[in-house]
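Trainee: Single-letter residue listing:
There are 2 protein chains.
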Amino acid sequence: MTRIAICAPATPIKRKLAQRVTALAAEGYPQLELSFHEQCFVSEGHFAGSDAIRLAALLECANDPGFDAVWFAKGGYGSNRIARAALAGIDEHAARKSYLGYSDCGTLLGALYRAGIGQPAHAPMPVDLKREGGEAAVRRALDWLAGDPSGKEESVGGEPVVAFNLMTLAMLVGTEFMPPLAGHVVMIEEVAEHLYAVDRMMFHVTQHLHGIAGIRLGEVSKVPENDRPFGADAVEIVQDWCARSGIPYLGRAQIGHSADNRIVPFGLVEPAGAA
Amino acid sequence: MTRIAICAPATPIKRKLAQRVTALAAEGYPQLELSFHEQCFVSEGHFAGSDAIRLAALLECANDPGFDAVWFAKGGYGSNRIARAALAGIDEHAARKSYLGYSDCGTLLGALYRAGIGQPAHAPMPVDLKREGGEAAVRRALDWLAGDPSGKEESVGGEPVVAFNLMTLAMLVGTEFMPPLAGHVVMIEEVAEHLYAVDRMMFHVTQHLHGIAGIRLGEVSKVPENDRPFGADAVEIVQDWCARSGIPYLGRAQIGHSADNRIVPFGLVEPAGAA
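Going line by line, the protein sequences match chains A and B. Quick note on numbering: the first sequence equals residues 1 to 275 in full-length UniProt numbering. Quick note on numbering: the second sequence equals residues 1 to 275 in full-length UniProt numbering.
Any given hint could be a false lead.
[Said to hold, decoys possible] Below, computed lysine to aspartate or glutamate pairings styled on EDC-like, alpha-carbon distance capped at 20 Å:
#, chain 1, residue 1, chain 2, residue 2
1, A, K14, B, D227
2, B, K222, A, D233
3, B, K14, B, D148
4, A, K222, B, E135
[What the hints assert, rightly or not] So the derived list for chain B, only partly shown, Cβ under 10 Å to chain A, looks like this:
#, residue
5, K14
6, S43
7, E44
8, G76
9, L172
10, Q207
11, P229
12, A232
13, V235
14, Q239
15, Q254
16, S258
Just so you know, the hints here were simulated from the structure itself, not pulled from any lab data. No residue lacks a Cβ here, since even glycine has one placed at the ideal position from N, Cα and C.
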């Protein structure tokens, strides 16, 4: 039996969503046991509870020897606010777990990766069940947790890799939580940002990513309409900043804020089947 | 006679606006001569002309020994894209000039300050004439250019100081253009960003601003409505991140995207009257 603790380091989900994800897992994954922490349903201002409440839940999930993995319920914004205290509070049991999530929760994945704690992975979250085709996304994460690596982003292998939401990465670079990424393939994706903002963030992150193996671009979705066209699309923008900074542009990656979002285990991954 | 060259390193203005600013200056400032570069009116995708066109105009303005100051016409986005080539292309004439602007143009002000070139100053721009009460804002910059320091932000003096739009600063930190700011008072302001984004940027910039004298908060205006209240206002957010990072919070500053935006000459400024 693989036991999975679910908490919400950023923003909350509804109880009904948790029930649907639990039912989906119960149907098809007898080897998995999901445990949604009550904190997932707490709402306080922007967040799924105060920093103290979110931190306590994260530490309970990470430090409990009865769990094998910690699955983040939803992004939004806020996991950076508890990252320092989380790293200070986790114990040796946390080091044996997988950590799954993406978007804002990439801050925690990055911080864990920097600290060498467990196996962080960019992966669909329970909240993705709400998307069109979201059941496939959630199943992809459940498959992964059950030991089936078929949901892995197909370019992964051979080189160490990470995957981040671009805004999350832009706010992570240069901070105490930023992992050293020399030699890594860095996958990025973005949602609901203007193309000029994508351009601005590419300026910023390429200044911070010296020595990486290259950048792969995932989906750039729900771009708001601006008062005028930017004059270049997302691929051209990323290629441009890669060229300006001497970072190899390696092509596309199947990650993003959609049901197609695939799994990217941070670091150097063993060949498929050995996960 | 003080001769002022005006160019647009980011986005364009209309010719009519330039005419109105020229008329305003002609009426009240016989000692000033404004020269709008034709590039101010060029439009190409998001920008006031291609990078090459904007760069060429900036260098013509900065390197022409006939001008005493360079005034940026408008922000928007894009001055970061030409900053490296601008620093490489400016000559000794550029070092004797003042550089005025704010918002996106803060990237250039920061880069010039880092390089020790001229006197960068956060100040109203020609485009501010369009605001309610904008004539006072433009007059404030013209007064400054004419040698009257009365438009200076009132807390300026005694300690070195800089002023930035928060997003511009968030994208500047850690880059090759970021000036060392140890001992500086750092003033920040923001416009049209969600409070969660302000919180996220404060996380980021406070990680990069070790050793500064403190932060002063200007206006945080046109905050979009979110699907739920954030739970803290802009002052509380900035105080929180100052406390978390050990940076003194020094109170408010009268800067921002409004007609009240006052002038902040970068660095250690002489007592009022000596400017």
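Trainee: Would you mind marking each hint as holding or not holding in the structure?
Mentor: Status of the hints after comparison with the structure:
no.: 1; hint: K14(A) to D227(B); in the structure: 15 Å, holds
no.: 2; hint: K222(B) to D233(A); in the structure: 28 Å, violated
no.: 3; hint: K14(B) to D148(B); in the structure: 28 Å, violated
no.: 4; hint: K222(A) to E135(B); in the structure: 38 Å, violated
no.: 5; hint: K14; in the structure: 14 Å, violated
no.: 6; hint: S43; in the structure: 8 Å, holds
no.: 7; hint: E44; in the structure: 7 Å, holds
no.: 8; hint: G76; in the structure: 8 Å, holds
no.: 9; hint: L172; in the structure: 8 Å, holds
no.: 10; hint: Q207; in the structure: 4 Å, holds
no.: 11; hint: P229; in the structure: 6 Å, holds
no.: 12; hint: A232; in the structure: 7 Å, holds
no.: 13; hint: V235; in the structure: 15 Å, violated
no.: 14; hint: Q239; in the structure: 14 Å, violated
no.: 15; hint: Q254; in the structure: 26 Å, violated
no.: 16; hint: S258; in the structure: 20 Å, violated
Figure legend: structure checked against the earlier numbered hints; hints not met, in rising order: 2, 3, 4, 5, 13, 14, 15, 16.
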